[in-house]
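*Asks:* As given, the protein sequences belong to chains A and B, one line each in that order. With my numbering as the guide, the letters of the first sequence map in order to residues 1 to 244. With my numbering as the guide, the letters of the second sequence map in order to residues 245 to 644.
One thing to keep in mind: the hints can contain errors.
To be verified - Interface residues of chain A toward chain B, partial, derived using beta-carbon atoms under 10 Å:
1) 12
2) 26
3) 30
4) 84
5) 94
6) 100
7) 102
8) 109
9) 118
For the record, the hints were derived by calculation from the structure and aren't laboratory data. From the three backbone atoms N, C-alpha and C, an ideal C-beta is built for every residue, glycine too.
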Amino acid sequence: MNDSAAPMIELDEVRRSYLVGEELLYALKGVSVRIQAGEYLAVMGPSGSGKSTLLNILGCLDQPTSGSYRLGNRDVGSLSSEALSEVRRNEIGFVFQSFHLVGRLTAAENIALPMVLASVPEDERRARVADALEAVGLAPRANHRPNQMSGGECQRVAIARSTVMKPRLLLADEPTGNLDSANGAQILRLLESMNAEGLTLIVVTHDPNVGRRSDLVLVLRDGEIVQRVAGRELHPDALLEVPA
Amino acid sequence: MRPIDVIEFSWTALTRHRRRSLLSVLGITVGVASVVVLTAGGEGAQRFVAQEFASLGTNLLMVVPGRNETTGALPGVGGVPNDLTLGDVRAIRRELRGVRLVVPSAIGNDTVANGERRRQVAVVGTTAGFREVRKLQMAAGRFLPANDLERGTAIAVIGSKVARELFGTENPVGRVLRVGGWRMRVVGVVASKGRQLGLDIDDMVMVPVATAMRIFDLSSLGTIYIETHSHADVDLMKKKVLALLAERHGEDDVSVITPDTVLGALNEILVALTLAVAGIGAIALAVAGLGVMNLMLVSVSERTVEVGLLRAIGATRKQVQRLFFVEAVLLSLCGAVIGIGLGWAAVQVFVAFYPEFPASPPAWAVASVLVVALAGGAVFGVLPARRATDLDPVDALSGK
Numbered sequence: 001m002n003d004s005a006a007p008m009i010e011l012d013e014v015r016r017s018y019l020v021g022e023e024l025l026y027a028l029k030g031v032s033v034r035i036q037a038g039e040y041l042a043v044m045g046p047s048g049s050g051k052s053t054l055l056n057i058l059g060c061l062d063q064p065t066s067g068s069y070r071l072g073n074r075d076v077g078s079l080s081s082e083a084l085s086e087v088r089r090n091e092i093g094f095v096f097q098s099f100h101l102v103g104r105l106t107a108a109e110n111i112a113l114p115m116v117l118a119s120v121p122e123d124e125r126r127a128r129v130a131d132a133l134e135a136v137g138l139a140p141r142a143n144h145r146p147n148q149m150s151g152g153e154c155q156r157v158a159i160a161r162s163t164v165m166k167p168r169l170l171l172a173d174e175p176t177g178n179l180d181s182a183n184g185a186q187i188l189r190l191l192e193s194m195n196a197e198g199l200t201l202i203v204v205t206h207d208p209n210v211g212r213r214s215d216l217v218l219v220l221r222d223g224e225i226v227q228r229v230a231g232r233e234l235h236p237d238a239l240l241e242v243p244a
Numbered sequence: 245m246r247p248i249d250v251i252e253f254s255w256t257a258l259t260r261h262r263r264r265s266l267l268s269v270l271g272i273t274v275g276v277a278s279v280v281v282l283t284a285g286g287e288g289a290q291r292f293v294a295q296e297f298a299s300l301g302t303n304l305l306m307v308v309p310g311r312n313e314t315t316g317a318l319p320g321v322g323g324v325p326n327d328l329t330l331g332d333v334r335a336i337r338r339e340l341r342g343v344r345l346v347v348p349s350a351i352g353n354d355t356v357a358n359g360e361r362r363r364q365v366a367v368v369g370t371t372a373g374f375r376e377v378r379k380l381q382m383a384a385g386r387f388l389p390a391n392d393l394e395r396g397t398a399i400a401v402i403g404s405k406v407a408r409e410l411f412g413t414e415n416p417v418g419r420v421l422r423v424g425g426w427r428m429r430v431v432g433v434v435a436s437k438g439r440q441l442g443l444d445i446d447d448m449v450m451v452p453v454a455t456a457m458r459i460f461d462l463s464s465l466g467t468i469y470i471e472t473h474s475h476a477d478v479d480l481m482k483k484k485v486l487a488l489l490a491e492r493h494g495e496d497d498v499s500v501i502t503p504d505t506v507l508g509a510l511n512e513i514l515v516a517l518t519l520a521v522a523g524i525g526a527i528a529l530a531v532a533g534l535g536v537m538n539l540m541l542v543s544v545s546e547r548t549v550e551v552g553l554l555r556a557i558g559a560t561r562k563q564v565q566r567l568f569f570v571e572a573v574l575l576s577l578c579g580a581v582i583g584i585g586l587g588w589a590a591v592q593v594f595v596a597f598y599p600e601f602p603a604s605p606p607a608w609a610v611a612s613v614l615v616v617a618l619a620g621g622a623v624f625g626v627l628p629a630r631r632a633t634d635l636d637p638v639d640a641l642s643g644k
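Same shape as in the complex, but just chain A:
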């Protein structure tokens, strides 16, 4: 991590509010954070603390109500809907807790989906899908559908899909939440190996073990960052305050 380099992600006093009935609720209350390229960040906090909202804003799926978000050299707030789609397609990968694979498509077809949207030529698609399947150890399962695979395998397919466009940033929302400990550990190792190759990794998690493996942990509560700590320095007592 190089602190002197320009940050890849720069959030400045980001707020996100929702009108529920007549009441204005704040999901994020002035969050500021800088993340360097290649960093591994864990976002922790109790349910309703604003973790997913932060992840959605970082993934350009949602926009701050106020404050600014710069990704690379761009002010995300000034981008059109089309441009945001392009950013998501080319620069950001998403991994979800419940995988979100398209049930009617095979593993290979699910992985190819972002390339289909990007009109990547057929030959290149095939080659990249084969590489991605190889990387997640699922080459023999290429033609299986999600209902023919285990949860761990589905998550590996989802990871392959999220990285097939070679994004700079990977956002994972509780990637091990629906997996047993063995599969969870395997998925984490996979994500960390990608981070080791230079991919910026941001993981939302309730699991303290995940936080302790990251470079930096942000602990959110009620829409605010209440703790910033290096993963390895995360105090075990502090973790107890974060309900699972």
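Once you have looked at the hints, place chain B on chain A.
*Replies:* Relative to chain A, chain B alone:
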């Protein structure tokens, strides 16, 4: 996103729920098939009549009793016309220039028999000119003698089927045939011709006109056929015939049918039929389109998370819209193609049973119904596609 990828992705969504998709396209299928069948029927009717007249030539006029010329189809309805007589035939021959043939026809049904073999057939009383008017060929013997308008000799010319049924492999020429209580000598057998203007030439017996009028105790002829030298004379001849017979009968009490009047009347019917078919088709396709829209709306709400995922991995609003829009159009296309196939198959089955009726769906109808079905799919696909586009990606991912 390449068009082929859009189609492929939308197709997988449709085939995931095959039964549901098929049921929703059923309406379009039925609507399209109905239009194909009905227009094939209309086209077949037009061709059938055109063929019938073409087989008789375009120089022909048919004079029938009764004044109901406007439709050209049902003369004789309304009023009691004067008889059409052999005197009228003679008058036309005598008075009107430009006439090539004047042939009377009186028709009845009776049992004809050879020994114990009997058959109920049409018996046409006519003259030698009937052979020319109906373009008949002889299989054996000769036709009725020329200039036999009054004599009423006991001779008969029989159709090929009558010959086969009553005489088997024997040569009927020279044999005696009983027509009702009358004994006739068979002088000829007409070569097979099939049906022509409602008459089955093969299953018919032709006798001199005076003979037929005696057999059936007729005071009026059924039809007088008049053939002119050229098609250009037909309209003028029609006026002359009407004027002559009005003078003879003291009133306008006959109709003159020409191929043009019948085809004109038929065209009017076909225009009405086409409009009716268009109306039925439009209603059927609109109802079917609502079915497609309903299915697509259900599909959008079922696939909310999928829409969220597509947006998350970089699909633009337009791409999502296109995917659902193409799905609706594909549904309509499938319905239309299946409908055209079914309609065409139904027409083929009909034609197999009734080969003389040349029904065939016209290309314009097939093209129109395809375009209308696709346009319907497009129109009814807009709302679901827009609904999918309007989904907030964050909400969609959480299945809201």
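*Asks:* Hint by hint, note whether the structure agrees.
*Replies:* Against the structure, the hints:
1. 12: For residue 12 of chain A, the interface hint is violated, since the closest Cβ of chain B sits about 21 Å away, which is over 10 Å.
2. 26: This interface hint is violated because 16 Å lies over the 10 Å limit.
3. 30: violated (20 Å)
4. 84: holds (9 Å)
5. 94: Since chain B brings a Cβ to about 5 Å from residue 94 of chain A, closer than 10 Å, the hint holds.
6. 100: holds (5 Å)
7. 102: holds (6 Å)
8. 109: holds (8 Å)
9. 118: With a closest approach of 7 Å, the residue 118 of chain A hint holds.
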